[in-house]
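Peer 1: As a plain string of letters, each chain reads:
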Amino acid sequence: MMSDRVKQILSWYESDNPGTLANLRWMLGTGTLADTGKFVILPVDQGFEHGPARSFAPNAPGYNPHYHFELALEAGCNAYAAPLGFLEAGARTFAGELPLILKLNNHESLHDEKNPMPAVTASIEHALRLGCAAIGFTIYPGSALNAAMYEQIQALSEEAKSVGLAVVVWSYPRGEHLSKAGETAIDVAAYAAQIACQLGAHIVKVKLPSDHIEQDAARKVYEKENIPIGTPADRVRHVVQSAFDGRRIVIFSGGAKKGADAVYEDARAIRDGGGFGSIIGRNAFQRPKAEALAMLKRIMDIYLGKE
Amino acid sequence: MMSDRVKQILSWYESDNPGTLANLRWMLGTGTLADTGKFVILPVDQGFEHGPARSFAPNAPGYNPHYHFELALEAGCNAYAAPLGFLEAGARTFAGELPLILKLNNHESLHDEKNPMPAVTASIEHALRLGCAAIGFTIYPGSALNAAMYEQIQALSEEAKSVGLAVVVWSYPRGEHLSKAGETAIDVAAYAAQIACQLGAHIVKVKLPSDHIEQDAARKVYEKENIPIGTPADRVRHVVQSAFDGRRIVIFSGGAKKGADAVYEDARAIRDGGGFGSIIGRNAFQRPKAEALAMLKRIMDIYLGKE
Amino acid sequence: MMSDRVKQILSWYESDNPGTLANLRWMLGTGTLADTGKFVILPVDQGFEHGPARSFAPNAPGYNPHYHFELALEAGCNAYAAPLGFLEAGARTFAGELPLILKLNNHESLHDEKNPMPAVTASIEHALRLGCAAIGFTIYPGSALNAAMYEQIQALSEEAKSVGLAVVVWSYPRGEHLSKAGETAIDVAAYAAQIACQLGAHIVKVKLPSDHIEQDAARKVYEKENIPIGTPADRVRHVVQSAFDGRRIVIFSGGAKKGADAVYEDARAIRDGGGFGSIIGRNAFQRPKAEALAMLKRIMDIYLGKE
Amino acid sequence: MMSDRVKQILSWYESDNPGTLANLRWMLGTGTLADTGKFVILPVDQGFEHGPARSFAPNAPGYNPHYHFELALEAGCNAYAAPLGFLEAGARTFAGELPLILKLNNHESLHDEKNPMPAVTASIEHALRLGCAAIGFTIYPGSALNAAMYEQIQALSEEAKSVGLAVVVWSYPRGEHLSKAGETAIDVAAYAAQIACQLGAHIVKVKLPSDHIEQDAARKVYEKENIPIGTPADRVRHVVQSAFDGRRIVIFSGGAKKGADAVYEDARAIRDGGGFGSIIGRNAFQRPKAEALAMLKRIMDIYLGKE
Amino acid sequence: MMSDRVKQILSWYESDNPGTLANLRWMLGTGTLADTGKFVILPVDQGFEHGPARSFAPNAPGYNPHYHFELALEAGCNAYAAPLGFLEAGARTFAGELPLILKLNNHESLHDEKNPMPAVTASIEHALRLGCAAIGFTIYPGSALNAAMYEQIQALSEEAKSVGLAVVVWSYPRGEHLSKAGETAIDVAAYAAQIACQLGAHIVKVKLPSDHIEQDAARKVYEKENIPIGTPADRVRHVVQSAFDGRRIVIFSGGAKKGADAVYEDARAIRDGGGFGSIIGRNAFQRPKAEALAMLKRIMDIYLGKE
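Protein chains in written order, with the numbering used here: chain A, 1 to 307; chain B, 1 to 307; chain C, 1 to 307; chain D, 1 to 307; chain E, 1 to 307.
Just so you know, these hints were derived from the structure itself, not from any lab.
Keep in mind that a hint or two might mislead.
Identical chains share a label here; the pair holds if one copy fits it or two copies do between them.
Stated by the list, open to error - BS3-like, lysine-lysine: derived pairs with alpha carbons at most 27 Å apart:
| id | residue 1 | residue 2 |
| --- | --- | --- |
| 1 | Lys114 | Lys297 |
| 2 | Lys257 | Lys224 |
| 3 | Lys114 | Lys180 |
| 4 | Lys220 | Lys207 |
| 5 | Lys114 | Lys289 |
| 6 | Lys258 | Lys297 |
| 7 | Lys297 | Lys220 |
| 8 | Lys289 | Lys220 |
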């Protein structure tokens with residue numbers, strides 16, 4: 001039976017059809033955090049984004065596409081997200097075992113640009129054929145090519161919603177007018193969350209922001225209105241507020257592999273700021289499986305308020 | 001029953017089908033100004049255009065998408081205009097309560113260009129699915145990409161008209177050959193209104209113009225023909241004349257938040273120049289609700305000739 | 001009953017269906033010049049191309065879209081050509097009163113380029129819906145974007161012909177390799193007429209050319225073959241020959257408003273050189289109506305051989 | 001009844017449907033060279049490519065589109081190739097009289113580029129509507145835009161083949177990395193023929209090559225393998241070999257008007273090298289008709305081995 | 001009957017329909033290496049890529065398209081891959097004799113670029129019409145145009161899979177940020193294999209890599225994780241691991257013609273590293289047939305473990 005929290009969350013998605021609500025509910029009702037309204041998602045697109053050795057050599061079983069399905073299942077994640085090839089390679093073996101998110105666009109790093117735009121590498125038809133619950137799509141707000149990405153996700157999400165899929169948007173600011181620090185600045189992260197919500201995303205994924213403010217026009221407002229951004233939890237709270245006052249699911253990514261304590265600290269900040277959870281890739285699959293399972297369990301315990 | 005003024009206004013739209021006329025009539029018959037032929041519309045796309053903090057921090061309830069539906073309803077506006085995400089987040093709760101305008105394209109400000117072009121972020125199908133009365137679309141006359149925008153609105157408005165939706169065009173001159181002052185110059189504003197009308201818009205929204213003249217070829221004519229542009233009301237009158245001699249609905253936007261008196265003065269100029277009304281965004285939703293309601297009431301009183 | 005001259009003209013259009021022939025016949029059979037095979041067409045797209053004040057301030061009733069329908073009707077023109085907005089604003093009132101040509105592409109002058117390309121601002125569906133006899137389309141031979149325009153008119157004219165509409169092509173050379181004088185050079189104008197004919201136009205509109213020769217490769221031929229280009233009538237004759245040896249309707253435009261005598265002289269040259277008539281815009285609608293009607297009557301008298 | 005040679009030629013087209021084979025057979029069975037497997041084709045697209053005066057002033061009857069149908073018929077050519085406008089202007093009068101090739105793309109010379117790409121100016125639908133036997137298409141191997149042209153002809157030829165039309169490809173090397181001499185170099189011409197064949201052309205048209213070798217990588221091979229390219233016949237033989245070892249029809253164009261003897265010499269080289277014939281434009285239609293007919297007859301006699 | 005090895009290989013393709021599996025099985029069950037899970041494929045697209053003389057002059061029978069079908073058949077290859085023209089020219093004669101791979105894109109070398117992108121020169125419809133088992137497609141990871149190629153293969157492979165064709169991807173790193181050595185660097189080759197797999201390829205073809213490492217971010221990982229790349233077999237093993245831990249078929253190409261011993265050494269390294277076989281073009285068809293057959297037999301013997 002659906003928990004009150006899940007009912008509340010679903011009530012925010014006022015314009016969606018029952019098919020899409022069912023898929024959101026599938027993710028909300030799966031794994032260790034089932035029915036809490038919290039999320040831990042396993043994403044594995046780094047083979048495409050950074051190359052295979054950089055992604056999988058630290059924990060070689062990860063070269064095998066089945067490994068990640070198993071990791072997500074055993075850890076009790078809400079969902080597993082990957083590009084076409086990885087999902088195709090396990091779709092029958094793990095059919096119906098856990099919600100899958102087909103990552104519809106990807107960017108490789110043999111070519112590098114100031115204003116990046118990923119390639120669309122899969123389609124709604126693939127997502128349906130592979131039994132996915134949702135599509136995933138990366139936008140780079142701030143890129144000179146932003147309009148093209150927004151138009152792609154507009155078309156894809158219109159199609160996804162019409163066939164009952166949920167839409168997960170990775171919103172990662174990049175581009176010629178943003179400094180490196182600006183890519184994770186609090187004003188920019190909040191803006192990135194807002195854009196994804198206005199584009200119609202059901203679930204938004206942003207990076208945990210720093211307290212840097214990038215845009216002058218924004219700084220004036222943050223100072224004038226005294227918006228609290230001092231602690232990580234403050235900043236999570238501001239991003240969640242920027243996502244329709246908390247009426248959209250916002251989860252946070254942790255970035256490159258780092259020490260376990262830092263990962264737990266992030267999770268506590270996300271929880272305390274009212275965030276909906278984490279998307280944990282390299283910090284999970286680049287560790288030996290036992291270590292990864294222990295870490296993911298502890299993160300889920302944090303979201304469950306056990307520590 | 002339809003007032004004579006409303007009948008007259010609808011008579012100008014000679015080529016539209018009954019569905020589109022019904023939606024125009026819905027907007028003309030809604031709110032405090034119902035049946036007067038005057039308009040006050042609430043637009044809230046600044047979250048996408050300027051970012052969430054710059055838009056909503058001054059009045060934090062505005063982070064919540066429901067807030068703006070309520071504001072427009074309580075204030076007696078003719079319609080509420082917003083991007084996909086904001087409308088999706090309230091579409092069921094407020095279904096049929098007031099005419100909605102789905103803003104079909106949007107531009108973010110993390111990337112800045114001399115020749116801007118917004119992204120198409122929603123579709124006619126969305127507008128129908130969400131129960132909207134009209135689509136909204138921004139063009140930037142003067143941008144090097146103007147042709148692409150004109151072709152987008154041509155395709156979208158053809159589709160909109162065929163399914164009985166009305167078409168509202170925001171016509172905001174920008175681009176490499178226009179000075180900053182030129183963007184609100186009287187010759188340029190009148191030209192922007194004409195272009196929107198020729199493209200088939202039912203309702204045109206332009207900025208209240210200054211008395212600056214941007215183009216040399218135009219200046220000669222304004223001087224030779226002695227076109228009165230000295231007062232704001234003169235300039236409104238010229239813009240309305242440039243919109244098919246007053247046979248198209250032209251409304252004016254006020255821009256950034258400013259003192260209430262300045263807002264009232266604008267409204268009086270629009271009324272005295274024969275304009276059809278105002279589109280008031282930041283000046284409404286960035287004030288505390290009570291203050292905003294009072295201001296909107298007074299603007300409507302001005303259009304009703306009460307002061 | 002169809003005159004022999006009209007029968008002859010229609011016989012040149014060997015590949016068209018009866019619907020298209022009927023629309024050509026409608027234009028050939030309308031107005032003061034009915035059944036003579038001569039044309040005077042009223043085009044009013046200057047509001048889009050140059051702006052409203054530069055176009056209509058000299059004769060303010062022209063701001064009103066109805067004015068131009070009435071002017072064309074009262075003057076006995078063969079047809080009236082305008083962009084979407086102007087036609088939509090009078091389509092019901094004047095339905096069936098005179099042949100309409102929907103101008104399918106337009107170019108604004110807030111942005112200026114060396115290699116221009118107009119925006120497609122209307123469609124075949126609009127032309128049918130508005131009861132038009134023909135579509136109008138501008139190409140800029142010599143523009144770096146020429147191929148894109150040729151491909152647009154190819155697609156649009158294929159569709160137009162299949163639904164029985166006639167195709168009128170404005171062929172106005174422009175572009176980075178053409179001098180200002182070259183835009184109206186005799187070799188370039190003849191080339192522009194040829195291109196429009198090869199693209200399948202039924203009616204071609206070019207500017208009355210000067211005796212300048214722009215291209216070196218052409219000059220050698222004009223000199224070697226002694227092609228007469230000394231008088232305006234010579235040049236009209238050469239352009240008509242370049243339009244499939246006179247087997248396509250070629251009409252000439254007069255350009256900016258000028259003295260009445262100059263306009264009459266042009267008409268005489270067109271007539272004496274075997275041209276099919278004039279397309280008269282600013283010289284008509286920028287004059288007070290009575291004056292415009294008198295001038296148009298005298299032009300038609302010239303084509304009728306009365307002076 | 002089909003000659004053995006025609007049967008042999010048709011046998012090479014292993015993947016074509018009977019409709020396309022019938023149209024190839026129509027061309028192979030038409031005119032003075034019927035059933036010999038040899039071709040003389042009249043192409044008249046120079047009005048579009050070079051302008052009307054440069055094309056037709058030397059022999060003024062050529063301004064009239066009917067002239068070229070008549071010339072091709074009276075001369076006993078295998079087919080007549082021209083752009084849309086020229087074919088539309090005679091399609092009914094000459095319906096079924098001789099095989100027509102609709103030239104689907106064209107390039108004008110008011111704008112000049114280092115990396116040219118013609119405009120697609122007609123369609124398969126036009127070719128069917130006008131009763132054509134084949135489509136014609138120009139590619140410019142070596143142009144920076146080569147991929148776009150290859151993709152156009154891929155789409156058009158797929159459609160053409162599916163409706164039973166034959167495909168004739170003009171393969172004319174151009175582009176920023178080719179010297180002027182390189183455009184007709186033997187290695188480049190052979191390469192151009194190979195590309196057209198690999199793209200699926202039924203008939204390939206190249207320029208008669210010189211003995212210049214353009215590419216260093218090719219020169220090494222020509223020298224090492226001792227490929228004979230000393231005489232025009234040698235070069236024709238090499239091009240024919242490069243067109244699937246003679247299993248595709250390759251014809252050669254003569255270029256600008258020149259002395260009759262040079263034209264005959266070309267024809268002898270084509271014949272002696274195993275070429276399939278000539279495509280003769282300016283050398284035919286720029287001469288007075290009697291002279292042109294005599295020349296074409298003598299060329300055909302050469303192909304018939306009479307001299 | 002299917003061997004256990006073939007069953008195992010097919011089991012990795014979890015998301016494919018029986019039609020595609022049947023075509024993979026056809027290739028796995030054809031020729032000398034039938035049922036061993038090993039491949040030797042004959043590819044002949046060099047006529048398009050390098051020109052006819054450079055490709056075929058060293059062994060002139062290769063100008064004839066039939067020659068390559070015969071060579072592949074007599075040598076006992078698993079499949080023959082070529083562009084549209086070459087397959088069309090033999091499709092009926094050799095129908096059903098051996099699996100054909102239609103190469104869907106090609107790149108010519110008369111124009112050269114730093115960031116290449118081939119032209120799409122054929123379609124799925126052609127592949128079906130010609131009775132092919134698979135489509136072939138080249139991507140250039142690292143090219144500035146990589147996204148466009150990934151989107152093309154995404155669309156084509158979705159269509160191919162839906163109609164039961166297999167998908168073979170040539171993954172050849174190129175582009176402005178890659179050094180010449182980097183194009184065959186081990187990190188880059190492994191990345192290229194991963195990308196092709198993630199894009200959904202059934203069979204991936206890469207170049208045999210060198211021990212050079214191109215990317216700094218990769219070098220750190222190769223050193224830290226001590227990935228063995230010292231011998232050719234090591235590098236093959238790493239590439240195979242990078243292709244979903246060996247769950248996708250990876251074959252290696254040999255490049256330009258070279259001494260027979262070097263070719264055999266490559267084959268041994270591929271076999272010893274767990275590679276699935278070779279794609280041998282110039283080293284086969286540029287040798288006299290008897291010599292080529294002997295070489296191909298010996299390569300197959302190596303894969304059969306006979307030496």
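Peer 1: Within a copy, between copies, both or neither: which one fits Lys289 and Lys220 at a CA-CA cutoff of 27 Å?
Peer 2: between (47 Å within a copy, 23 Å between copies)
Peer 1: Can you tell me if Lys258 and Lys297 fall within 27 Å by alpha carbon in one copy, between copies, both or neither?
Peer 2: Within one copy only: 17 Å inside, 53 Å across.
Peer 1: 27 Å Cα cut-off: does Lys114 pair with Lys289 within a copy, between copies, both or neither?
Peer 2: neither (36 Å within a copy, 43 Å between copies)
Peer 1: Should Lys114 paired with Lys180 be assigned to within, between, both, or neither, using CA atoms and 27 Å as the limit?
Peer 2: This pair counts as both: shortest intra-copy Cα distance 11 Å, inter-copy 23 Å.
Peer 1: Up to 27 Å between alpha-carbons, please classify Lys114 paired with Lys297: within, between, both or neither.
Peer 2: Answer is neither: 38 Å inside a copy and 49 Å across each miss the 27 Å cutoff.
Peer 1: Should Lys257 paired with Lys224 be assigned to within, between, both, or neither, using CA atoms and 27 Å as the limit?
Peer 2: Only across copies: Lys257 and Lys224 sit 15 Å apart there, 37 Å inside one copy, limit 27 Å.
Peer 1: Classify it for me, Lys220 with Lys207: is the Cα-Cα distance of at most 27 Å met within a copy, between copies, both or neither?
Peer 2: Close inside one copy (23 Å) and across copies (25 Å); limit 27 Å.
Peer 1: Quick one: Lys297 to Lys220, C-alpha cut-off 27 Å, is that within a copy, between copies, both, or neither?
Peer 2: So Lys297 and Lys220 fail the 27 Å test inside a copy (42 Å) and across (30 Å) alike.
The structure fails hints 1, 5, 7 (numbered hints given earlier, in ascending order).
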